[in-house]
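The lines below spell out each chain.
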Amino acid sequence: MAGALSDLKILEVGEMVSAPYCGKLLADLGADVVKVERPGVGDPARTRGPFPRDEAHPEKSGLFLYLNANKKGITLDIAQPEGMELLEKLAAGADILIHNVTPPDMDRVGLTYDRMKRVNPDLIMTTIAPFGLSGPKRNWRAEDLTVWAAGGVCVLNGGGPEHADLPPLKTFGHQAGYQGGVHAAVPTLAAAFARLNGEAGQHIEVSVQEAITSQLEMTFEYWPYMKMIATRLGQKPIQPVETMRCKDGYIYLCCIEEHQWRGFVEIMGNPEWAGEEIFKDRLTRALNWDVLKVFLEEWVGQHTVLDIYRKAQAKRVPFAPVSTMGDLLNSEHLKARGFFVEITHPVAGTWKYPGAPLKYHRTPWEIRMPAPTLGQHNSEIFGGRLGLTQARIDELKRKGVI
Amino acid sequence: MAKPPLSGIKIADFTWVWAGPYCTLQLAHLGAEVTRIETKTRPCVTRMLPPWPDGKFDSLNKSGYFNQYNQGKKSLSLNFKHPEAKEVAWRLIKEADVVVNNFASGVMEKMGFGYEAIRKVKPDIIMISLSGYGDTGPYHEYVAYGPAQVPLSGLSSLTGYKGFPPMHAGFSYADPNAGVHGAFAVLAALYHRKKTGEGQYIDMSQWECAMGLLAEGILEYTMNGREPERNGNRDPLMAPHGNFKCQDLPEKVMDMTIDRWVSIVCTDDADWARLARAMGRPELADDPRFKTLQARKANEDDLEAIVTEWTRPQRFDEVAEKLQAAGIAAAPVADNKYLCDDETHIAQRKYWVELNHPEVGIKRHAGIPWRMSGTPTAVKAPAPCLGQHTDEVLARLGYSNAEIESLRKIGALD
Chain Z
8 MAGALSDLKI LEVGEMVSAP YCGKLLADLG ADVVKVERPG VGDPARTRGP FPRDEAHPEK
68 SGLFLYLNAN KKGITLDIAQ PEGMELLEKL AAGADILIHN VTPPDMDRVG LTYDRMKRVN
128 PDLIMTTIAP FGLSGPKRNW RAEDLTVWAA GGVCVLNGGG PEHADLPPLK TFGHQAGYQG
188 GVHAAVPTLA AAFARLNGEA GQHIEVSVQE AITSQLEMTF EYWPYMKMIA TRLGQKPIQP
248 VETMRCKDGY IYLCCIEEHQ WRGFVEIMGN PEWAGEEIFK DRLTRALNWD VLKVFLEEWV
308 GQHTVLDIYR KAQAKRVPFA PVSTMGDLLN SEHLKARGFF VEITHPVAGT WKYPGAPLKY
368 HRTPWEIRMP APTLGQHNSE IFGGRLGLTQ ARIDELKRKG VI
Chain P
597 MAKPPLSGIK IADFTWVWAG PYCTLQLAHL GAEVTRIETK TRPCVTRMLP PWPDGKFDSL
657 NKSGYFNQYN QGKKSLSLNF KHPEAKEVAW RLIKEADVVV NNFASGVMEK MGFGYEAIRK
717 VKPDIIMISL SGYGDTGPYH EYVAYGPAQV PLSGLSSLTG YKGFPPMHAG FSYADPNAGV
777 HGAFAVLAAL YHRKKTGEGQ YIDMSQWECA MGLLAEGILE YTMNGREPER NGNRDPLMAP
837 HGNFKCQDLP EKVMDMTIDR WVSIVCTDDA DWARLARAMG RPELADDPRF KTLQARKANE
897 DDLEAIVTEW TRPQRFDEVA EKLQAAGIAA APVADNKYLC DDETHIAQRK YWVELNHPEV
957 GIKRHAGIPW RMSGTPTAVK APAPCLGQHT DEVLARLGYS NAEIESLRKI GALD
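Just so you know, the protein sequences line up as chains Z and P, in that order. Start counting the first sequence at 8; every next residue gets the next number (this note's numbering). Start counting the second sequence at 597; every next residue gets the next number (this note's numbering).
Derived from the structure by calculation, the hints contain no laboratory data. Honestly, I wouldn't trust all of these hints.
With beta-carbon atoms standing in for the labels, derived distance ranges [to be verified]:
#1 Z/Gln397 <-> P/Arg877: 48 to 58 angstroms
#2 P/Ser969 <-> Z/Pro143: 41 to 51 angstroms
#3 P/Ser969 <-> Z/Glu304: 33 to 43 angstroms
#4 P/Ala881 <-> Z/Val301: 49 to 59 angstroms
#5 P/Val849 <-> Z/Gly407: 54 to 64 angstroms
#6 P/Gly876 <-> Z/Gln397: 30 to 40 angstroms
#7 P/Lys791 <-> Z/Glu402: 49 to 59 angstroms
#8 P/Gly651 <-> Z/Glu304: 49 to 59 angstroms
#9 Z/Pro111 <-> P/Arg877: 52 to 62 angstroms
#10 Z/Glu89 <-> P/Arg873: 32 to 42 angstroms
#11 P/Arg873 <-> Z/Val354: 55 to 65 angstroms
#12 P/Thr792 <-> Z/Gly167: 10 to 20 angstroms
#13 Z/Leu290 <-> P/Glu950: 44 to 54 angstroms
Here a beta-carbon is modelled for each residue, glycine too, at the ideal position from N, C-alpha and C.
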């Protein structure tokens, strides 16, 4: 059985994470994705790693290999007029063009929806930009950290009142990129669905900052509703909702509802202190956290992660281990579900990667091929799909267009 | 005027808390008719959480949290203790294209609304469950709460200051992440159904969905057998790369001093030379301690101290503006007040939604992070009050006024 999106032809001009992750989501459900990279250096994700044995190599970057499996790869310099013309030709035969060329670079090379629409009125063009395509910050330079911060999540994470000097803390990796990518995949696929209902192609613009601001939990509304600022320095309203050290690692304690606290107290063997008035409900436990913490640290520190986790879950108390990478790779649950997938790449070798984020019962999520080496499919795409002669391809190579 | 892309698509929304509602929010944004199945006997958790406009919990309809993530949806109140209420839900399911829930695995089956039961009466239904652990595997019945999914996913063990214990993400990140991936999954299933007429079931584990965001950490382990070291805001290939302290907000808020920071990244040596000039210390560009990336990484504590010395007396937004003018990636580390009050960018892009809600009036809410040129999308209505659309939905499902009254009398609509 073919994937749900196996009839979609996608062109991706994507670097690092946002557009490539959007392309990956579609490719893993069967879409035919052709990834366009700059000649010579390719996608900067190729420099990021992690690399086997820490040896940097453009065909061995873990981040690149993860994000770009299932795609065909070509090289094309769209900063040259001949490069843009070839991009137009490719767009003429595509359903969707996804890109994260920055707005100033779009202006510089002349990448606009109007231009693409002329060659293909049914094309869906999705532009992922850090601050969107309008407004005074349109041309702001951005890196993953600065957009994550500008979206309003960074300020929520960090040392807390006892370490106010430590800065607002980023979450590991390239989270702004991932969120930009998945929030772009949603309207892109909606536009493809609309096309089945007779709509034409269209331009979709996604602001990564807005994608992040869209997921601030209840914290954003604290200002318009109550004129309160949500920060990492505030006291938690409910306790215990904390990471704590066990004998052999860390566990996340999570007593949001009262029955969860009662379950935890039973697991601890109903110690006398738990009956104290100052711990009577979730609010007083938060107010007296400095005292409660000492009692809990003593008990938790004498037990193993797995012991507490299993006992808590048996009482429907939603504790969770602070998983290390080793814990994930060795998890019996994830093994039983077949989460991790092995991908063999001709240069990088065979490694285990994160697998399907969702399981369809009918249409498959599958890895059909590894990430492309730089320019691997140039002949197939330029020769086969666009019908260029070998002489013309050689000429474009000499000019550095391909 | 073109219609939104999902006009005519109906969603039976059994979701609650955050992950599920974030999924159906995307579908509502795209124009689907989303009907929440709620009950007064056990209201959605977020209806009972702050913020509330008067600072106190005196209504199930005033929570800013609920009102943010349920914009544009309808609310039908049903008490499943009554078989008549279940019959209403069945009629809603029969009319629907998609059923969404985010209970723990198996709960929908216990309620009588499992996929197999639904498929019997509606073979082309699309159903998605966004459970914590997925439908299979030894832990499939484990309970998952938003904040605990971040450490479970592995993100916490990778996040934190150097030498400190694992940290959180600061919000229940795995929830909206699962929600938006769930919306993507539903759209792919709708696309497939349009092509083939086939519906299907989608089993989504919030845990697995979050692990897709940390491939770099997982591959460090699979490739090199190593747990990545937590390293604050720093980056191996860029320096400076961090958040730097600026002037505090001049006024206190709720007796708290609000500290403010600016995020700055230099991607290469040329960026560093620009930053040195912008700081009025051009000589630092050629200083052997900082001239190359390798040197800046070796002296990163000193580097950060020098940048902080410059940023500390300044306003965070002014530093960001200055550095952007110099061609450097920088941005204010935004808090909710700054985002909401700043009229210079997001507001000009018309991202905020300000609709009149019957109990809280006009409050600023986060809107839609995309713009579609051909099939424009907009938030249609504020979040519903509990049961606000019960009569309207029942009428749509073919109930007469007399039937609605009798359902109400027996308590089936509580």
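How the hints compare with the structure:
Distance hint check for Z/Gln397 and P/Arg877: the Cβ-Cβ separation is about 55 angstroms, which falls inside the suggested range of 48 to 58 angstroms. With their beta carbons about 22 angstroms apart, P/Ser969 and Z/Pro143 fall outside the hinted range of 41 to 51 angstroms. Distance hint for P/Ser969 and Z/Glu304: a CB-CB separation of about 56 angstroms, inconsistent with the stated range 33 to 43 angstroms. Look at P/Ala881 against Z/Val301: about 50 angstroms separates their beta carbons, and that is inside 49 to 59 angstroms.
Hint check: P/Val849 to Z/Gly407, Cβ distance near 56 angstroms, so the stated range 54 to 64 angstroms holds. With their beta carbons about 57 angstroms apart, P/Gly876 and Z/Gln397 fall outside the hinted range of 30 to 40 angstroms. Between P/Lys791 and Z/Glu402 the beta carbons are some 41 angstroms apart, a value that contradicts the proposed interval 49 to 59 angstroms. P/Gly651 and Z/Glu304 have their C-beta atoms about 33 angstroms apart, which leaves the hinted 49 to 59 angstroms range violated.
The given range of 52 to 62 angstroms is broken by Z/Pro111 and P/Arg877, whose C-beta atoms sit roughly 27 angstroms from each other. For Z/Glu89 paired with P/Arg873, a C-beta distance near 37 angstroms keeps the hint of 32 to 42 angstroms intact. A C-beta distance of roughly 41 angstroms is found between P/Arg873 and Z/Val354, which places it outside the suggested range of 55 to 65 angstroms. For the hinted restraint 10 to 20 angstroms between P/Thr792 and Z/Gly167, the CB-CB distance of approximately 52 angstroms leaves it violated.
Hint check: Z/Leu290 to P/Glu950, Cβ distance near 32 angstroms, so the stated range 44 to 54 angstroms is violated.
Hint compliance for this structure: hints 2, 3, 6, 7, 8, 9, 11, 12, 13 are not met, and every other hint is.
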